[in-house]
Amino acid sequence: MKALEIEWGQQVAAYDVWLGSIYGAMLVKDSGAVTHLVVKRGLGRSSLRIISVESVEKCTSEAIYTSMPLDEALQQPKLKRLDGEQFIVALTPKTRVLTSDGKKLRLRGVRVSNEDHSLEWLVVSPWAFGRHRRSLLVPHDRIAEFTTGKVKLAIEASGLRAMPAYRQDHYVESDLRERLSNSSTGAQGDLSGVTLTVEEGVVAFHGNVKNLHTKEALRDITRQVRGAAGLLMDVRPDGDVEMEIATALVEHTRGNGGPLQVSSRLGMVQLLGHMPNEVECAALVRTAEAVPGVKGVALAGA
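The number in the working numbering is simply the position in the sequence shown, starting from 1, with 187 added.
You may find that some hints are simply not true.
With a straight-line Cα cutoff of 27 angstroms, these simulated BS3-like cross-link-like pairs (lysine-lysine) come out [stated by the list, open to error]: (1) Lys397 / Lys216; (2) Lys245 / Lys291; (3) Lys337 / Lys290; (4) Lys337 / Lys397; (5) Lys337 / Lys265; (6) Lys290 / Lys265; (7) Lys291 / Lys337; (8) Lys397 / Lys339; (9) Lys290 / Lys339; (10) Lys339 / Lys482; (11) Lys267 / Lys281; (12) Lys265 / Lys245; (13) Lys245 / Lys216; (14) Lys337 / Lys267; (15) Lys281 / Lys339; (16) Lys281 / Lys397; (17) Lys339 / Lys291; (18) Lys265 / Lys281; (19) Lys281 / Lys216; (20) Lys216 / Lys265; (21) Lys216 / Lys291; (22) Lys281 / Lys291; (23) Lys267 / Lys339.
Label-pair restraints from in silico Cβ distances [to be verified]: (24) Gly417 / Lys337: 54 to 60 angstroms; (25) Glu387 / Leu459: 41 to 47 angstroms; (26) Gly346 / Gly426: 41 to 47 angstroms.
Hints in this document: simulated from the structure, not taken from any laboratory. Since the model is a prediction, treat every value here as computed from it, not as a measurement. Here a beta-carbon is modelled for each residue, glycine too, at the ideal position from N, C-alpha and C.
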């Protein structure tokens, strides 16, 4: 299930109206489970309220949506000082993040499991005045210790280069779609049989392509997109589908059937040749349909 991507400044909507913007997250120190979100409404510390993460119904790039109406949200407790608190930690824009060798990082948000609300990643970026620095993902298991106001990592500054770049999934997907449409592969219409999704930075392609060259082009273009943290390639070239169907048909007929020509266009298969009786035709169709990547089968008698 898709994780909750929470960034400081992200808008929060109550059931019927805008509530404010994300200012931080509160979590249990021992388990790392996020229990509440800190929402800023107005100016000053008195405007910081906490709402249960259990009330979050949907998290998109535009906003986090809660199930509570505004009047209930305004009755939620305000954020109290947590200095010296042994069990609860508040992560906010003021939290200092330090590598094991003392390099300072900005904390820009967190990525939280949608199932048990455990902290999965910190979103951080190097300190840089007057210019934007890319954000990075640091996994929860690389946190050495954390308290309210301070997080110490178990990696040195040089180790940050191995951390994946962070971009929200919709930005990764939009960038990738644009690159694909501008590529020679996209211009030739080779991608009409492919679906694309991005979840937690992992790009997934499912479907059918004309040939192995198109499959490799998808892989190469994905590697160029910043924030693409992984690739799942569940794509079958037509040639592979045709070969597997032909083999399956030979095994089905034990080599005694008439010659059949198999052709596939993005998973839509046509069997051409001498067709036996209706029962055997149905069996041939079922055999072809059982091959992974087949979307449909049509018969064409010689």
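Taking the numbered hints from earlier one at a time, note which ones the structure violates and give those numbers from smallest to largest.
1, 2, 4, 6, 8, 10, 16 and 24
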